[in-house]
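Q: The chain contents come next:
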Amino acid sequence: MKTRTPYRQMPWLIFAGIVVLFVSLFATIPANARPPMQETEKYCLSCHGNSSLSMTLPSGEKLSLYVSQDQLDHSVHSSKGIECEACHNNISTYPHPEQKYATKRELSLNYYQTCEKCHSANYAKAQDSMHAQSALAGNENAPVCTDCHGHHDTQKPDEPRSLVSETCSKCHGGIVDIYKQSVHGEALLSEDNPDVPVCTDCHGVHNIQDARTDQFRVESPELCARCHADKALMDKYGLSSDVYSIYKRSWHGVDISVYKARWGTVWHDSAVCTDCHGVHDMRKTNDPASKVNPANLLTACQKCHPTAGPNWVDAWTGHNEVSLERTPILFYVDKFYTSFTPFILWACIIYVLLQIIHSIVDRVRSTLS
Amino acid sequence: MSAKKTIKRTPVAQQERFFARFNLGQRWEHALLFLSVTVLLLTGLPQKYRDMSWSQDLLSTPERLDLIRQIHHIAAIVLTLEAIYHIGRAIYLMARRKMSADMFPNMQDIHDAWHMLQYLLFLRKDKPAFGKYNFEQKVTYWFLFFGLALMGISGFIIWFPVQFTQFLPGGVVPASKMAHSTEAVVAGIFILIWHFYHVHIERLNLSIFTGRLTEDEMRKFHAKEYERVTGQPASKPDDK
Chain A
181 MKTRTPYRQM PWLIFAGIVV LFVSLFATIP ANARPPMQET EKYCLSCHGN SSLSMTLPSG
241 EKLSLYVSQD QLDHSVHSSK GIECEACHNN ISTYPHPEQK YATKRELSLN YYQTCEKCHS
301 ANYAKAQDSM HAQSALAGNE NAPVCTDCHG HHDTQKPDEP RSLVSETCSK CHGGIVDIYK
361 QSVHGEALLS EDNPDVPVCT DCHGVHNIQD ARTDQFRVES PELCARCHAD KALMDKYGLS
421 SDVYSIYKRS WHGVDISVYK ARWGTVWHDS AVCTDCHGVH DMRKTNDPAS KVNPANLLTA
481 CQKCHPTAGP NWVDAWTGHN EVSLERTPIL FYVDKFYTSF TPFILWACII YVLLQIIHSI
541 VDRVRSTLS
Chain B
13 MSAKKTIKRT PVAQQERFFA RFNLGQRWEH ALLFLSVTVL LLTGLPQKYR DMSWSQDLLS
73 TPERLDLIRQ IHHIAAIVLT LEAIYHIGRA IYLMARRKMS ADMFPNMQDI HDAWHMLQYL
133 LFLRKDKPAF GKYNFEQKVT YWFLFFGLAL MGISGFIIWF PVQFTQFLPG GVVPASKMAH
193 STEAVVAGIF ILIWHFYHVH IERLNLSIFT GRLTEDEMRK FHAKEYERVT GQPASKPDDK
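Chains A and B supply the protein sequences, listed in that same order.
Under our numbering, think of the first position of the first sequence as 181, with each following residue one higher.
Under our numbering, think of the first position of the second sequence as 13, with each following residue one higher.
Hints in this document: simulated from the structure, not taken from any laboratory.
Source: prediction; values computed, not measured.
All C-beta atoms, glycine included, are put in the ideal place defined by N, C-alpha and C.
Heads up, some of the hints might be wrong.
[Claimed, not checked] Derived DSBU-like pairs (lysine-lysine); straight-line CA-CA distance at most 30 Å:
#1 K440(A) with K60(B)
#2 K60(B) with K515(A)
#3 K515(A) with K150(B)
#4 K428(A) with K60(B)
#5 K305(A) with K284(A)
[Unchecked claim] Cβ-Cβ distance ranges computed for the label pairs, FRET-style:
#6 Y61(B) with R506(A): 22 to 28 Å
#7 A304(A) with I89(B): 55 to 61 Å
#8 A102(B) with R392(A): 55 to 61 Å
#9 S539(A) with W171(B): 42 to 48 Å
#10 A304(A) with T50(B): 52 to 58 Å
#11 E505(A) with I83(B): 38 to 44 Å
#12 R215(B) with F516(A): 54 to 60 Å
#13 R506(A) with L93(B): 23 to 29 Å
#14 A102(B) with E505(A): 38 to 44 Å
#15 F516(A) with D228(B): 26 to 32 Å
#16 T487(A) with K236(B): 52 to 58 Å
#17 W171(B) with Q307(A): 45 to 51 Å
#18 S539(A) with F221(B): 22 to 28 Å
[To be verified] A short list of chain A residues far from chain B (calculated; beta carbon distances all over 12 Å):
#19 K242
#20 Y246
#21 T380
#22 L403
When you get a sec, could you build the whole thing from the sequences and use the hints?
A: Following this line, the structure appears as structure tokens:
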């Protein structure tokens, strides 16, 4: 029997060493491509990890200076090596330079500006938003980046999607409560439905605009049409994708399209989707609580046509093409004008053409003879 | 529909005779009809085609749209009053057994139309001899009669939809909208092709404004009526 001596395994060990070295040569390249790990987090937390650390601001507010490791671990930034000094860029030494924030809010309003360094596009969009305008008008509670996204524990804002409505509900709680009752909100909360709109799908993400303007109103049908005119999407739920195109041809729709094209800044009362279906509380039409449920339709009409009687609801053809079952009178008028009238007109045209031909022939004959 | 009488003129050089065709009332009716229909078409078409840019250029402000609607409504009232007068007068004449049957369609019109068609297709050499109103003119009258009735009814329904649906089914509103908007174009095309050709191109017939026809016109286009009124044959010996 041979005994394995260390000497005999030597070539294998050398070979394995070369392989490891060779492989690690490539393995280190992506590691080098990453930004260097910043080590400030550990350093800062050596003090700020103390949960009783706090200071009192000139306003009398007590500002906790505690940052938990747990929060940072969950944030999108820390795991990517973006650490304290990326945002707290005015603090690089200990002892810290003096901070002159009178209130907690003033501190937030200063620090959120560092978001622009990396997120300049979204930051710029947010400056065009309704929120920024509110801030400009003097509302210091108008939300800034950190109010929605958080600061030390910044998360992906839409995982799960219902997180978006939670975020908005911090200020717009009443509206979000209504939204949760809607066909969209229910589907979002109960099944995390990926197709239903959350707040930001209609209102925009960073450049959120005032939804009460004339402009927003006349453009709102297109907003609904982004999904409701999408055949593939509507087929999935057994809904008609023609609702928008039929609306556009309707009395209301034509009115709105003209205002949108020419008079976007003039308020117009002609109905848009939300006037009948509800703004945040739209429901399935067969839901008894729906504003456009057949039982409630007259009430919906009477919002604008207060003296309308019960027959009036049939004056609304719904989002339906002309059909004998639904709109018999319209059906026969349509038939009259698509069959009988063209026949009469063509007969007249042909008769006049024959007269013209005959008179030309007569004239030619009389000049020849 | 008026009582027929021949205007006797003192003989002038050419001894031209005129034949009364439309009385003053009828001429005024035509003038009102012409004016109101023109205004209605001019103010209605931009409303029908509101989604077209030419219409939006024309109706450049909401105030202009309101204005054009008001003009449309005023012209509609004028035309309605004229229609009520016209029908009222017809009923009055009928009640007194004084209504002329000239404008009502009859079997002779079918024969005339068939005859005319053969003539136009070069199957016959002679044109039919027409009475006071030929079938072309009757078609004009009755086409517009029913067309305007449709326009009037549908127009008032879409002007006062809420009031009408108090007693009519709601379906009449979208049906009226379609009828009003389509019939307007149909009537417009009809007038442009049929009426315009017959009174301007085939021959310039201004009798609706002057109220009379010349002897030549009578003999050529209303031979039967000429013979009936004068008792003389319409074709002169020197005619072919």
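Q: Of the numbered hints stated earlier in the document, which are not met by this structure?
A: Failing hints, ascending: 12, 13 and 15.
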